[in-house]
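Chain by chain, the residues:
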Amino acid sequence: MSMHEQFADDLALYALGALQGRERAELQAHLTQCAACRRELQHLCGDMGLLGLATMGPAPPPAARNRLLSALAKEPRVPMVRKEARRWWLMAPATAAIVLAVVSVLFWRQNNALRRDLAQQLTQSRQNQAEVERAREVLALLSAPDAMRVTLVATNAKPQPQGKAIYRPQTGSLVFLASNFAPLPPKKAYELWMLPTSGAPPIPVGVFKPDARGSASVLMPPLPKELEAKAFAITIEPETGSFTPTMPIMLAGGQ
Amino acid sequence: MATTQPERAVSDAEIIARICSGDEGAMAQLYDRHSRVVYAVALRVLSDGSAAEDILQDVFMQLWRNAQAFNASRGSLAAWLVVIARNRAIDKLRKKRPEEEAAETVIAVDTDLENAAERNEAIEKVRTVLAGMPAEQRAALEMAFFEGLTHVEIAGKTGQPLGTIKTRIRSGLSAVRKAFAV
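In order, the protein sequences belong to chains A and B. Everything in the first sequence is counted per this note's numbering, starting at 1 for the first residue and increasing by one. Everything in the second sequence is counted per this note's numbering, starting at 256 for the first residue and increasing by one.
Chain B on its own, in the form it takes in the complex (with noise of 0.2 angstroms):
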């Protein structure tokens, strides 16, 4: 048997509008919709199940919450997730409170990622890019991105200047927006 579900017709900014009115059923949408990265997200960067559950949990509440804080014309809703629990699972690694509230988390994405179609094709790119990454500069971003670590510790750890773990880590950045640009 072959199910086939039509697109999603409802877009992430329509499914905040209903929060913001108290919707829970649109929350439980909004949560199957991009959970499963969220939690990836978590887990890879604090490897305990249980703890990531706990960032995928308290990412979703300060969502309810503070519905109105995510502006759609300030970038995708999947990839602000995203940067808020890479932030609060970092902050738990490394036992830091949170300095910045999910609401001030501001991001620019020139891409669209409003339906999976368009997310699986940015994720795509993304994977390309970083499989033709040097594997030095790959290996920096991801310390950074997924172990929260400073350049001063990734240069401690692979024995290359400070310099150069900073350059590595920008261009790396730079490369996965420029696999964007039209």
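Excised from the complex, chain A in its bound form (with noise of 0.2 angstroms):
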């Protein structure tokens, strides 16, 4: 079965929320009836939301984790109770004993590989915790805007605009310094360009703006893995970013 084709376009607009008046009414109504036009605006959505997942931008403050946090301790939840098991409880009592009956002894077998795997799981994550805390030691420290940041040049030279791009394709890893970036104007950033060496559109890495002196870093955006790199560059665009660089370009490097 296929969605009806005179509805295509306007079922686009209707996955958008941009339909409106009668057109809205009447798609709705005809959605209400047609199954292949409820599926093909699954799928619109599902468009949308591949859309949305190319969207590049900043981290969020890590006070906004925190925000999170401390609503959700406000707020604990109720563990779900499905309302059909409920029914089926009141039903037929005597069947549910029995059911609990059998688990208790299935799970009273399973105790102690459960034990075992668990000491297990905690040696592993103990392992883990060391080395994510010593990867946030780094990035911290690459961030941190209070650390010391030097660029050593020719004695008689005037230090000039000058990024640091560090990349391994295998695993899509990259931590960007820039120094000596001039300020923007107001609702514009520098953005980060990576040339693949096929030859492929530049891929947006991240925006970002300079501190006070002129100092930023973009550290491990989310990037593909494998993909090889010719070179990097630099523009300036809207604070958002764009996905596709703008001319001129400010700074470039490769290999």
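Hints in this document: simulated from the structure, not taken from any laboratory. Here the structure is a predicted model, which is why all the values come from computation and not from measurement. The reader is advised that the hints may include incorrect statements.
[Stated by the list, open to error] Cross-link-like lysine-lysine pairs, in silico, DSS-like; alpha carbons within 30 angstroms at most: (1) K433(B) - K350(B); (2) K433(B) - K188(A); (3) K188(A) - K164(A); (4) K433(B) - K230(A); (5) K347(B) - K412(B); (6) K433(B) - K187(A); (7) K164(A) - K380(B); (8) K347(B) - K225(A); (9) K188(A) - K380(B).
Grab the two chains, each in its own frame, and use the hints to assemble them into the complex.
Quick look at the structure:
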């Protein structure tokens, strides 16, 4: 079963919340009766999700995480109990008691195995935690606004804007450090681009604004793995970032 | 020092199951995994860090309160969160009351976005599609998606016929899907 072609354009607008008035009402009425068009609407929402996933932007402020966790603590969740299950219990209490007894025996037999697994996982967890802590220390140093940043130049040279990109294609890991960058007008930001060796269009890596001393960093942005880069470049873009670079290129460098 | 971390073994669906049982740590894990793109979408729509942070908070609190609403068989959690964040941000931008509960938002994605590598590959595909799209079509799609403009408003802004704008938006979304066709 396929969707009705005459509703194709309107379905896309409806998914985006952009369909109004009579057209919207007509489509909503049709959707109540047409499973194929309802399915197509779900796919259009999926397409929107994919489009949104490609949005570049800065990470949320660390305070946002703390705010969320505080809000969670004030609103503890009650473990979900399914309504259907409650009805079943009411209808067949004796059967439920038997099932519970069987499950209890099974749990008891699995208990020892689970204990062993738990001990192994705790050990692994501690090792992982130590690695994460070390990685955090490195990232904290790289991004700390009060860290001392010194660019060494020839003794008679004036400091120039400079960017250092450290990139590992195998893991898609990237650290970028900027120094001596000029301040920008409001609503503008610098954007770092990767130029793939394959000749594919430039990939937006991240937007950044220099601090009062002209320093900035882009740390571990989400990048695909196994993507060889021939060069990196920097342009000035709107602070929300762009999908394609706006000329001119301010800085560029490659191997 | 090169710190390599193993690919996350825990799926979104497993974390959702833990959230359903009231595990706050699972919620923090999910936040660390998906907050960046949720915030990026809200910021792109609203151009206001504080307002984008409110959307971020709202989206994750909705997930906390109603985690069972997400069914892994309905599609990717990351894409689901992005769509909800985008819709909430557009509502805020246009000062509208939300018309649809998050639980009612159903998406279908025919590509696996469960782990970071798959998501990164998908992001790369979408960016390639957008970069190869005619500028007028990309602009119409971005105006509809990030600015929440109706096709009438976009036609008024660009001077293009209504039908042209409708078709550009539809075929723009269609192009994204085709990039994932087997």
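Here is what the structure says about each hint:
no. : hint              : verdict
1   : K433(B) - K350(B) : violated, 34 angstroms
2   : K433(B) - K188(A) : violated, 33 angstroms
3   : K188(A) - K164(A) : holds, 21 angstroms
4   : K433(B) - K230(A) : holds, 28 angstroms
5   : K347(B) - K412(B) : holds, 21 angstroms
6   : K433(B) - K187(A) : violated, 34 angstroms
7   : K164(A) - K380(B) : holds, 27 angstroms
8   : K347(B) - K225(A) : violated, 36 angstroms
9   : K188(A) - K380(B) : holds, 27 angstroms
Violated hints, in rising order: 1, 2, 6, 8; the structure is consistent with all others.
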